[in-house]
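Dock chains B, C and D against the given chain A, drawing on the hints supplied.
There are 4 protein chains.
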Amino acid sequence: MGIRSPEEYVAGLRDSRTVFQGGGRVEDVTTHPVLGICVEHGASVFRLAQREDLRELLVVSEGEGAPYSRYFALPRSSEDLLRRMKLIEKTTEGARSVLNIIKAIGSDALFALMVISHHLDQAKGTGYASRVAAYGARCRAQDLSLAVAQTDVKGDRSKRPHQQEDPDLYVRFVERREEGIVVRGAKAHTTMGPVVDEIIVLPTRAMGEEDAEYAVAFAVPAATQGLKFVCRPTTHRGQSAFDYPISRHHIETESLTLFEDVFVPWERVFLCGEWEYAGALATLFARFHRFTAISYKPSTGDVFVGAAQLIAEANGVGGASHIRDKVTRLITYTEIIRACTKAAALDCESMEPGIAAPNSVYLNVGKHYFASHFHEASRILQDIAGGLVITQPSEADYQNPEVHGLLAKYLRGAPSVPTERRLRLFNLIKDLTASEFGGYNYVVSLHGEGSLEAQTLTTYRDYDLERCKKLVLGALEGP
Amino acid sequence: MGIRSPEEYVAGLRDSRTVFQGGGRVEDVTTHPVLGICVEHGASVFRLAQREDLRELLVVSEGEGAPYSRYFALPRSSEDLLRRMKLIEKTTEGARSVLNIIKAIGSDALFALMVISHHLDQAKGTGYASRVAAYGARCRAQDLSLAVAQTDVKGDRSKRPHQQEDPDLYVRFVERREEGIVVRGAKAHTTMGPVVDEIIVLPTRAMGEEDAEYAVAFAVPAATQGLKFVCRPTTHRGQSAFDYPISRHHIETESLTLFEDVFVPWERVFLCGEWEYAGALATLFARFHRFTAISYKPSTGDVFVGAAQLIAEANGVGGASHIRDKVTRLITYTEIIRACTKAAALDCESMEPGIAAPNSVYLNVGKHYFASHFHEASRILQDIAGGLVITQPSEADYQNPEVHGLLAKYLRGAPSVPTERRLRLFNLIKDLTASEFGGYNYVVSLHGEGSLEAQTLTTYRDYDLERCKKLVLGALEGP
Amino acid sequence: MGIRSPEEYVAGLRDSRTVFQGGGRVEDVTTHPVLGICVEHGASVFRLAQREDLRELLVVSEGEGAPYSRYFALPRSSEDLLRRMKLIEKTTEGARSVLNIIKAIGSDALFALMVISHHLDQAKGTGYASRVAAYGARCRAQDLSLAVAQTDVKGDRSKRPHQQEDPDLYVRFVERREEGIVVRGAKAHTTMGPVVDEIIVLPTRAMGEEDAEYAVAFAVPAATQGLKFVCRPTTHRGQSAFDYPISRHHIETESLTLFEDVFVPWERVFLCGEWEYAGALATLFARFHRFTAISYKPSTGDVFVGAAQLIAEANGVGGASHIRDKVTRLITYTEIIRACTKAAALDCESMEPGIAAPNSVYLNVGKHYFASHFHEASRILQDIAGGLVITQPSEADYQNPEVHGLLAKYLRGAPSVPTERRLRLFNLIKDLTASEFGGYNYVVSLHGEGSLEAQTLTTYRDYDLERCKKLVLGALEGP
Amino acid sequence: MGIRSPEEYVAGLRDSRTVFQGGGRVEDVTTHPVLGICVEHGASVFRLAQREDLRELLVVSEGEGAPYSRYFALPRSSEDLLRRMKLIEKTTEGARSVLNIIKAIGSDALFALMVISHHLDQAKGTGYASRVAAYGARCRAQDLSLAVAQTDVKGDRSKRPHQQEDPDLYVRFVERREEGIVVRGAKAHTTMGPVVDEIIVLPTRAMGEEDAEYAVAFAVPAATQGLKFVCRPTTHRGQSAFDYPISRHHIETESLTLFEDVFVPWERVFLCGEWEYAGALATLFARFHRFTAISYKPSTGDVFVGAAQLIAEANGVGGASHIRDKVTRLITYTEIIRACTKAAALDCESMEPGIAAPNSVYLNVGKHYFASHFHEASRILQDIAGGLVITQPSEADYQNPEVHGLLAKYLRGAPSVPTERRLRLFNLIKDLTASEFGGYNYVVSLHGEGSLEAQTLTTYRDYDLERCKKLVLGALEGP
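Taken in order, these protein sequences are the chains called A, B, C and D. Going by our numbering, the first residue of the first sequence is number 1, and it counts up by one from there. Going by our numbering, the first residue of the second sequence is number 480, and it counts up by one from there. Going by our numbering, the first residue of the third sequence is number 959, and it counts up by one from there. Going by our numbering, the first residue of the fourth sequence is number 1438, and it counts up by one from there.
Treat the hints as calculated values from the structure; they're not laboratory data. Idealized CB from N, CA, C, for every residue including glycine.
Output of the computed footprint for chain A on chain B, the stretches with three or more beta carbons under 8 Å from beta carbons of chain A: (1) 498 to 505; (2) 732 to 739.
PhoX-like mimics (lysine-lysine), calculated; alpha carbons at most 25 Å apart, straight line: (3) C/K1284 / A/K470; (4) B/K569 / D/K1907; (5) C/K1367 / D/K1596; (6) D/K1763 / B/K948; (7) C/K1427 / A/K90; (8) D/K1906 / B/K569; (9) A/K326 / C/K1427; (10) A/K159 / B/K888; (11) C/K1428 / A/K90; (12) B/K565 / D/K1906; (13) B/K805 / C/K1284; (14) C/K1048 / A/K470; (15) D/K1763 / A/K326; (16) D/K1527 / B/K948; (17) B/K805 / A/K159; (18) C/K1044 / A/K470; (19) A/K469 / C/K1284; (20) B/K949 / D/K1763; (21) B/K949 / D/K1527; (22) C/K1117 / D/K1846; (23) A/K469 / C/K1048; (24) C/K1117 / D/K1763; (25) C/K1428 / A/K86; (26) C/K1044 / A/K469; (27) C/K1284 / D/K1596; (28) A/K326 / C/K1428; (29) D/K1906 / B/K805.
This is chain A alone, in the form it adopts within the complex (with noise of 0.2 Å):
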């Protein structure tokens, strides 16, 4: 009931969803050949939660409801948070290195809904815990996939969403009905959104009162009337295994989100007009989405170190110190961010109602270090792997019988390294740093979960600064 095999992951997308890329309107995203692939690599999730091995670990099996996966178990303490850190990590690791986010993103969603919607009912008798726990629910019985829309387009970003020269550029409410609201406008690069179950949009920033229609948030199943996807476009379709060695299987789409005066029943909406609340939820949001963040990118940061090994090795170079020195740099930028996650788990704080929210300060530093640092940690890499990542001839080159035996003899590096190996070694590095798909990790890694600039000002205000200032004021007393 709880887990839904990859092939009802599949067949439940199969519907009137309105999805538009390159150029035209996309029919069955599950067949189509950029999409397709995105429906696989989100269908290896379920398949994970099938494997004998794993099982103890993505699935809950007793209590309430159970069985269902793991994504959906609340945190309660540092050893659940560091129980999710391992989830996610074992979900993203190796070829599904770089994210795979159609559970993590949507439970973030929903842990920050639960904590938000209690203090606000708190504050002012309103009743949105009660339909934040059905709707919780009802995922977790469907085992359904998510995507969360929350950045807004903005368009003049130094303008504020009211003072906007075109009101709808944040997503809005333009109707309170009986039965529910009517919201318009458009969420900017919404991950996976076009291949899920269901669409939960967030407020992106704090709201001041005459921004109150911007403050809402809610959640939509993908087919719903009025509801667009306009996908990222990429070139990848089918290309060879050995030429994409990631990027043929994995690959994730973004879609810009529009909201054609969509209706939203009331049992859907989690906030409508409570601007005091609209920066609280966006933040905390954040917070649980920026520790999934941190636990994804050291399966990511793995991949790079064994990499730059074994291309090491494969050139004949394995032993060399200036390779130790920069694998070591590479280890560094894995581990740092793997110690910010778990210190991030271990100081955890309780909420109410009854929910760990990992450590601020760890995971906005843990996810600034990832993003600021990405670029240098590729450029390690290919500085390692030499300029062959780029002008290796492809796979249909090499498979070319008029070549194939004078690639063969050249291409070769360390004897004791297949020269296949080798090849499929540069292919990897090329596909995860020096092709579109890697073009994409760049930006991704830099502006998804937010920017540096998001990261800086979550840790400055987030931090003790007052502790600190007492003990410089004490030590200047003398002892």
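Leaving out everything else, chains B, C and D in the frame of chain A:
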């Protein structure tokens, strides 16, 4: 006579050359979907030479053999090197910003060959200098396009040429005949090899006596019997200039260049067994060629700076203090390279027989700086621009009447900037830093014209450490 | 019994120890103008243990031998290591922020000796473990202060111990007698050696069979015959606490520690010729000691953060966005180290006979991070503060009635902050980063607890590279 | 006439100047234990001018007023600026490596005053230019030493001059009399003020109309009534040249310079209320002075490079690959600055009335680079040297016969390097980077000649952004 039209250049490429790409043999590089773009890019250098406003800079109009392309003009002073810098900058500015080397690299090789052959003839009584002079005169008179094949495939990088299991992993001569020599081996990543007239082949490193057969330099026409090019893969083929404003028109190709027992007549052989000169030739070519590198890289920097400022303005934050800081870091990136180029020209070294070589320390410092900071510069540009760099819909979607109105409404930024300009700017930034072409740029910046390690070694070796040590020992003695 | 007062510690230092500083022999370290400050600093650890509010953290009150200093408590779990982290943090916070190791370093050595002697006895049937246990019990029972002498002077660093021209350039035993051994040599920079009760001597590196005589570990009282300390120079001597708010009260000394044929009885010998264990002992001590390092360094970070924010406020720019950015970078510096410390405790390794060793990768990554970024952190702090850090008049000038009025008028900053606080803050920042003591801090951060190179090597050696390689090879095979 | 001897310079300082240091009034700066070193340092510039081998570089022998110090020679071309660069480099090389500005800074101010007074007279019909010319001619003819007092104490930095609670927190004129003006206020960190002949006072920033009384520039003799200097503290006083090889002979002082209603006759007033010119004067002085900065900083770099290589050799690891990498990073540090200096001279700007101003972008980029990377350069040098930099015994201990033999035995490094040289090298590195003087160097590098922020602002403001934007817009249009 000495100045060809772009059409003449293109016509000259329609010969029997043996080129492979995408799994098959390329019949005509000028009409091939990928290589045709490279040819057009190559032709742009010839096109510029026909512009009245650039004629003085690009064409030498007086003296022996005039008119001819200024690329072939020997640098004899700081002023000549500064003019060469300007020449390279002009031919690579703006949309051509990445590189454009079918004239530059070949003349760099000719300069190095002139100096080394002179010294070699002096020391050994050989007659290489006149061969080099005759070959260079022909290139100049016929306004030829040139590629240089230097980097050997190297096999096990921990071993020297003669230590490899397969003796062919560095290019070598396998036979001396009365009329010439026979060469075998392969060179990696020959830039533009398949779309130029002539290939100049140089040794990749210093050789010991046991590696004498690998000490070989020569030139062959691209259509020579036994010479085969296998090009790097690319998905570029006639894409939208809206989506790919740079790479739609300006890409280069690299080939694995295979020498299957190629015969080279003596008048085209410039080194053959004189192993003591292999290192000097490799190094001096690198010296001239890295000067080319640090002359064209500021053009890329200019585009980064301009794009950063423009996209910030399009987002409505052109005047923000953090934007100013970040744009200034891009200016710094660009101008440190430019300062090193100017210093390298200013402190040039005069070499027999009358050639001014740019200062080795400044150019290696400058090259290392641009290579080691390019990823950071890209990160800054992406940081300023935002996530739409990768998630913005393609031109095809933007023009799709079903969604065009919505996209035009929601993708607008600051009201003062046309929405379409904003979208094109995002695409420019994507093209440069987050597309397949962008991925290529990262690796080219790092490995083109030699690895970081090579620049470090050269700087240390060529620096006047004794002067610094003497100053310190003087300081220890007191006033 | 097991908890001494500060006065008892000080009294215990008045013995026949042989100490040189400033060109002469030091008669009494407790009253010496320089070393007296170090003694006071050492005493502060004992003083803290007498504070009621810290007693639970600093003193173990139950179990065998209780009460005793918690420094001597064996870590048996993650929780123990986290408590040790807190213990070290507390004893080094605020004005004591740099380091305070007369308990920490010795117990680090004891833990390592316990583990290694256990393994050694198991393997070789020796009886070291009981000696170590007895020695440790005595230290604990008598609440002794301890120094560790590990780094040999090394002579020509390109040569191993037995290859040196002078065989004494690494400490070695030159004679075995019935009652003990005779040792000769010198150890560099022994922190606090001249002002503690006991010196524990450990090998500095792995030894080969030919270096067997250098594989020696032992402990001696500071007043042992033949043991001489020559202290590092310092100009600190009873300076103004206004001018030097930290170093007026809290400095440490380092000595060159000379062993002129010192006799060591067998019960104090913990390694003697078993060269196969020298490396393991050196490494394991470093592991415990680097955990100490990354536990005290965040205390310095806290002071940097607090001082940065306070001086910005005193200058009237506490709310500026560039200040926020810079303070956040200091927070990041501090909390990345802290996160590594917590992760090192969390992922500890249980070692026979029941000791929890902190995770090697996290602690080396953390140590490398703090060492390689300390100069940058200092630069940020100085950047925020401004040039008055170094040009502000001294207290003597400030109190000079001829100019006091003028100075008070002109050195005032934001009206809300007392001028004197501002001046003291400048002096604190100078003391930490731009005075003789500040200069010392730079080098200690870099070379204390092992060089950057040592941390790189250890990280690479101890990292599970095979796991990463396996993930990559799995990814190459596809889903 | 125009070239004074060192003795004449020293004699000229024995006057009624009012200087405070160490809590009391300084009777005679030339014999004061601290300031006497500064005087000796100042005298060294005069001493160099007497050396035959340097005469051509340091003295102008032909033309009006010759002979005179080349520091007073107006730069009229790139060649003149390159010669000035060489002049500054020569007077600061080796042991004098940090800075030496009693000629440079004053002439920088004179050049700026000449340009601004010319424009001001043109625009307003004032007569400042002739006063400046007469004053400059006198300085040149009498070979005076000069200091510049520019940085105001600023009080609350978030407020402009007239907004401060106390109106005196920026220097201002409080009265205009027939014969001159009366000025009040204080300038921070005036380098060498107490030990030069003349103090030139310039505004620190652009002023608005309400700040007109703060728009004031003038010059006064150091012994002027009402002028008081309070010097920065230092513990330097006749220390061992073995322990402090640089700072024993070469330090500068900075003063808080107080103007207690100082009268300035009109012929010494160069700006008085013309607030529109305050910013231009401040900026143009900074431009000339930052050129001085980037001309002397490479001298420090040379010493870092030489010391790094020498200490590595003394430690026996001069040929290690990691040493080569690190020394090359120091070379890079030095030569990037030098390249910027050369480019700034090469691309100079000719200003009325005939003065060549160095290129603003290159010099600000160069200055920012040296300031922001000095700490890193110091770290590299310390990293190479090792911990003995701070723990090595002093000369007094080394010469103590009780331990000299032991120290000589154990402090020896590579046999080929005399032990004493090794010890002196450690001390040199300490003196530069890890002593009180070293601490001073960090802050001077950062804040001398303007803060990082100032250089960023100037670079951005003076850069030709429009050129870059145009290139990008051209690229968007296609070929």
